[in-house]
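Protein chains: 2
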Amino acid sequence: MGLVVQKYGGSSVADAEGIKRVAKRIVEAKKNGHQVVVVVSAMGDTTDELIDLAEQVSPMPSGREFDMLLTAGERISMALLAMAIKNLGHSAQSFTGSQAGVITDSVHNKARIIDVTPGRIRTALDEGNIAIVAGFQGVSQDKKDITTLGRGGSDTTAVALAAALDAEVCEIYTDVDGVFTADPRVVKKAKKIDWISFEDMLELAASGSKVLLHRCVEYARRYNIPIHVRSSFSGLQGTWVSSAPIKQGDQKVEQAIISGVAHDTSEAKVTVVGVPDKPGEAASIFRAIADAEINIDMVVQNVSAASTGLTDISFTLPKTEGRKAIDALEKAKNVIGFDSLRYDDQIGKISLVGAGMKTNPGVTAGFFEALSDAGVNIELISTSEIRISVVTRADDVPEAVRAVHTAFGLDSDSDEAVVYGGTGR
Amino acid sequence: MGLVVQKYGGSSVADAEGIKRVAKRIVEAKKNGHQVVVVVSAMGDTTDELIDLAEQVSPMPSGREFDMLLTAGERISMALLAMAIKNLGHSAQSFTGSQAGVITDSVHNKARIIDVTPGRIRTALDEGNIAIVAGFQGVSQDKKDITTLGRGGSDTTAVALAAALDAEVCEIYTDVDGVFTADPRVVKKAKKIDWISFEDMLELAASGSKVLLHRCVEYARRYNIPIHVRSSFSGLQGTWVSSAPIKQGDQKVEQAIISGVAHDTSEAKVTVVGVPDKPGEAASIFRAIADAEINIDMVVQNVSAASTGLTDISFTLPKTEGRKAIDALEKAKNVIGFDSLRYDDQIGKISLVGAGMKTNPGVTAGFFEALSDAGVNIELISTSEIRISVVTRADDVPEAVRAVHTAFGLDSDSDEAVVYGGTGR
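These protein sequence lines map, in sequence, to chains A and B.
FYI, the numbering for the first sequence is 1 to 425, going by my numbering.
FYI, the numbering for the second sequence is 1 to 425, going by my numbering.
Not one of these hints is a red herring.
Since the list gives no way to pick out one identical chain from another, each pair is judged satisfied if it fits inside one copy or across any two copies.
Taking lysine-lysine pairs in the BS3-like style, the calculated list, with each CA pair at most 27 angstroms apart, reads:
| hint | residue 1 | residue 2 |
| --- | --- | --- |
| 1 | K210 | K358 |
| 2 | K30 | K143 |
| 3 | K110 | K210 |
| 4 | K143 | K110 |
| 5 | K247 | K30 |
| 6 | K191 | K247 |
| 7 | K144 | K30 |
Calculated directly from the structure, the hints in this document are not laboratory data.
Only chain A is shown next, with the shape it has when bound in the complex (with noise of 0.2 angstroms):
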């Protein structure tokens, strides 16, 4: 029996009833002979208020101060946890990012984790304590300040922490039973996924799933350690993430050739309109948009009017970054020379992930008749080694969602209802 490193989201302790339901949970692990380490998130709605608040007090809050509010959260529900645990009869300590030692650079509201010195926390579990930490904070290096770790935070503390302390697994608790082969709100017989590769898990987070983030799951991947994605309401077995798969009973999970199906629709698609077809132009418009510090997706060029010289680029970056985008590019018109710009915010993109896709050379093709079966226009293609990602009308999305779901045989046959929500930070 090891170490575990478990992790409640915001929604599994929303109330001091939550709180209660997550410390017997806690008990229960301690008492199966492991050594317990518990990363939280905050209370419910907790985070959104403490923005409520800052936008009250100042326009754009961000900075130094608005990450010492917000780590104010995870310090109330920490501190509940620990004395609900007590309430049971066993020790618990709990610490901030701070003192648990996740130290991190001094960007604030988004900072990175550079080490992790978790002695405060060895020595609480050697005195026998289970140890509670705030997820989504750490100190900063240079200057000692509190930092966050921006949206999903508490998944990356928690398997940092499970990393620096060598944990036989972290255990992410949300309120969805684990990663489904499709979202279930838009999918209604999306399975369970049993064991998914960090690879696909990773293609997945990064196309749309909103389980766990790319961050975390990079992270875990790094240290080797597993994820196993669970709720936090069922105590169910949910999913392991992890390099090589578990065995269930004296079957070993096979790989799946798909792992499933991801839908994204916050990106938006920009196209660059008449730009002349020669070397150069393509970097010159990407150095604008990488100047802004604007994160694009996918990219695609037309194939060049042999009679203008002229041809059009398209690229989709997150809704968000719309207006910055295309104020970077008017503002470098005259450099890079274009006729015109295009905006497009109801576009849909759906992938097909799978580490099969490799060696079964017929998914593309599976991919595209699907689609086409259900009406579904492609308006823009692009793929990895693992993974196959469409662009469509918005609108299109649930459809050919459920359409690619069944052609690729991921349809459960049973028709019990799943109840997905968020998965706090």
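Starting from the known structure of chain A, fit chain B onto it as the hints suggest.
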């Protein structure tokens, strides 16, 4: 222009509007050329809400985790205040008690400050910032755990920082205009005191005046830090508490003969009936009480009745300790040897405070005459060099306070209403 420490209570920063109003006042002080350190309490009812939550997960919350929980309140208010100041174009940095160097002992929930090492505050000031510090909290010297100072702790934080930073003055902003000659809720004609000595203020605080807590005044006297108690709403001159009288314009404010009338209805009276009148009896009673860690206030021993050789001993103590005291005495009944116990929680205490008492022999007589004229019966009497206190029926307290206030010429000529409320912590 030197350094000023300003402290704002919870009612002054109860909402976003309050925070913005306070931010303006702070910036005003900065513009006037001061270096400004601000100590802030939790917003409005935040602390009570956190206590509620704690009681939902754990009966009788206390200790390390309870402190961790409560300190979240000041983190929120201090960060919001720093943001509001920045929004006015001035630079501000917020610091937790730990970051501000408030070092305490390890007695959770009522820690004592044992050192203040404000290196980070000094640096922030030298770089031109306004420094915002979380009141009510510190970090324990040995274990580096977060501690709280108990009710009223923010005032103590402010005075302690003022002493460590050698401030010109410690301004305590609250929701009343200052310290009054009596509680304005009871005595409509109570007057604001312009100046009061540390000694008189200590006696008032010990006698039931709630504007400043005893511990905070004691700290200020030890380090000779002038306190200016004033309203964060009106901006008027409030009450100065210091060792020597202040000047107002050309005139030095004179020491008053009588500073004010305080009252307290939070105490109960215990009478130990039929105690053998021999040496060591009183000692054994108060040893039993002290072993139960109960602080008592007044003590009176009746003249022994010669016929029986028995006497009665009465003392007062906080009502909240009543049950504990009775239990402790019952347990020690055989050792002490007494007939019975009487418990009375319908008492009130009225105290007249003033350094002038020492040299004005008529004061005591005048005090008793005023009470007698008002038809108030006296049950216990206790005196110090600069205070007389009596215990009466609780119902008689308002009338008694008004009668004494009038008799000593403390009534104001104006009929202006005074707004009075709590002082946060």
